[in-house]
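Student: Work out the full structure: start from the sequences and follow the hints.
Keeping their order, the protein sequence lines are chains A and B. My numbering applies: residue 855 is where the first sequence begins, and numbers increase by one. My numbering applies: residue 855 is where the second sequence begins, and numbers increase by one.
Hints are not guaranteed to be accurate.
One copy or two, either will do: identical chains are not told apart, so a pair holds if it fits within one copy or between any two.
[Claimed, not checked] Here are the simulated SDA-like pairs of lysine to any residue, each with C-alpha atoms no more than 20 Å apart in a straight line: (1) Lys-1003 x Ser-909; (2) Lys-983 x Ile-1005; (3) Lys-904 x Gly-871; (4) Lys-900 x Ala-869; (5) Lys-1125 x Leu-934; (6) Lys-904 x Ser-1124; (7) Lys-1056 x Lys-1075; (8) Lys-902 x Leu-933; (9) Lys-957 x Arg-994; (10) Lys-1056 x Gly-976; (11) Lys-990 x Ala-959.
Simulated from the structure, these hints should not be mistaken for laboratory data.
There are 2 protein chains.
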Amino acid sequence: MIAITILGNNSAIPAFGRNPTSQYLQTTESSFLIDCGEGTQIQLSKYKLKPSKISHILISHLHGDHYFGLIGLLTSMSLLNRKQDLHLYGPSALKDIIDLQLKVADTTLNYTLHFHSLKEEGVIAQTKKIEISCFKVQHRIECWGFLFKEIKNPRSIDIELAKSFEIPASYFEQLQKGEDYHTKKGTIISNEAVTIAANTPKTYAYCADTIFDISLIEKLKGVDLLYHESTYLKDLEERAAARYHSTTHQAATIAKMAGVKKLMIGHFSSKYESIDPFLNEAKEVFNETVLAIEGTCYKI
Amino acid sequence: MIAITILGNNSAIPAFGRNPTSQYLQTTESSFLIDCGEGTQIQLSKYKLKPSKISHILISHLHGDHYFGLIGLLTSMSLLNRKQDLHLYGPSALKDIIDLQLKVADTTLNYTLHFHSLKEEGVIAQTKKIEISCFKVQHRIECWGFLFKEIKNPRSIDIELAKSFEIPASYFEQLQKGEDYHTKKGTIISNEAVTIAANTPKTYAYCADTIFDISLIEKLKGVDLLYHESTYLKDLEERAAARYHSTTHQAATIAKMAGVKKLMIGHFSSKYESIDPFLNEAKEVFNETVLAIEGTCYKI
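Tutor: Right, dumping it as structure tokens:
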């Protein structure tokens, strides 16, 4: 299970009650924060999501609407007496900014902050439940997307069935490893006959600020949920390109061509009071679209 | 007229709906922002106060709850196409932080930001209506208080009265300069007889985070409104001292000994859900006390 709660869905300037980008991703094991615009710690509190549960924070790029809330969150975690390690991923200059702000405040964090500079595409973190990789997206400055893949669970033993085939409990460890069972009479009980397949691992891709870029399609193929920015409506394609952003139709085209199961769009420009037209336009191209709505939790 | 709107009254961590420190000070001429905790730009918008009216921003010190909202406000002003100059005052390292954050975002501001490093006590800015000076306060790191003094207006001419004394309009400029009028018959019409005194200039002192420090009294003598932090209730005097903060009784003692007209207390610790006890305790020492309440405008 992957559940994503939207903490902010707006671009650049907070407007019409919409906050800058941040998403809180939960698995049954721990939580992850993706981007951290100004006010994220207040949004976490508003939606009763515990900062203490966050084990990893991923920052896509160093435009303020994606990270100005980070230093406040990091220092608040310390003031709240966090002890467990925190892993932070982002462009290398992020460490300089944090170090400088802690230094001038004569502050040290209570907990260990492991900073991981994003340098090349590939797996950056793995827990028991999830694997995270990063990939490059094309924006005005260095910018990264993130792909979350559940770890494939092994098949589980159907104990009643295994017993009915007279497979001894002492063999269960080997069954778990995928081996077949050979009876004394020479019959082979295939592993699949007495084990149950785990749920298919789910995938979530987060495409931070990006220009319309078809080279992304290969990286996003078949994901269960794709978050793709859609800063503008379709009539502003030129402006979107000039600012390295995307439109509704462009985000939906990527989703369609990558054959994703569902698309979520966000990062709406502050120029729009209503975001309803975003949904209508995206659905013209890709019907399985939802809007990133603050406070809403999307489960995969 | 000086009017102060409270945008945040909490210390350290946002809690119980209270935001970190920021105050918006208005004169009839322009507006000033004092400190800028995270979320200040959202608070400005909530209380319908225009960032475009702000001509000067003053940052007392570099603990996050007093400036983490600054970079967001500065960049939003630029995105909102601000053109007029902005004057920013604070400890010198503040400039390094802003420069670094603009550099990594590959961003330049649309307007000219004049950074003034606070180095010694005295007048730091003067407009037509107000003079601002800074003074040192004792905190864990370099920290400044600010004193706002209205510029004394000249006396205004009582035109009807001046005419009744047959003072020609051509002499009004000299009257305005304070000169008496000599009639042809040799009588002296004193300046005070035909001019009206302006209102007494008002004063506002902002004591940012500070330990209980009686050396402040001399600097705050007789101000109309004193903002003094009161992070803790009176029973936590030891904790207050250890953290270079003050209690209710200490803030009220400073107000009483400095003979100020009114005291406003704020910077309440996140440990307190209700702030009502702060008012009761401060009034035990100095009756003319008010709480800094978010969204409330205090006029002098």
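Student: Now look at each hint and say whether the structure bears it out.
Tutor: These are the hints, each one checked on the structure:
no.: 1; hint: Lys-1003 x Ser-909; in the structure: within (16 Å within a copy, 50 Å between copies)
no.: 2; hint: Lys-983 x Ile-1005; in the structure: within (5 Å within a copy, 66 Å between copies)
no.: 3; hint: Lys-904 x Gly-871; in the structure: between (22 Å within a copy, 16 Å between copies)
no.: 4; hint: Lys-900 x Ala-869; in the structure: both (18 Å within a copy, 10 Å between copies)
no.: 5; hint: Lys-1125 x Leu-934; in the structure: between (37 Å within a copy, 11 Å between copies)
no.: 6; hint: Lys-904 x Ser-1124; in the structure: between (28 Å within a copy, 17 Å between copies)
no.: 7; hint: Lys-1056 x Lys-1075; in the structure: within (13 Å within a copy, 67 Å between copies)
no.: 8; hint: Lys-902 x Leu-933; in the structure: within (18 Å within a copy, 31 Å between copies)
no.: 9; hint: Lys-957 x Arg-994; in the structure: between (29 Å within a copy, 13 Å between copies)
no.: 10; hint: Lys-1056 x Gly-976; in the structure: within (18 Å within a copy, 63 Å between copies)
no.: 11; hint: Lys-990 x Ala-959; in the structure: between (34 Å within a copy, 17 Å between copies)
Checked against the numbered hints above, the structure violates none of them.
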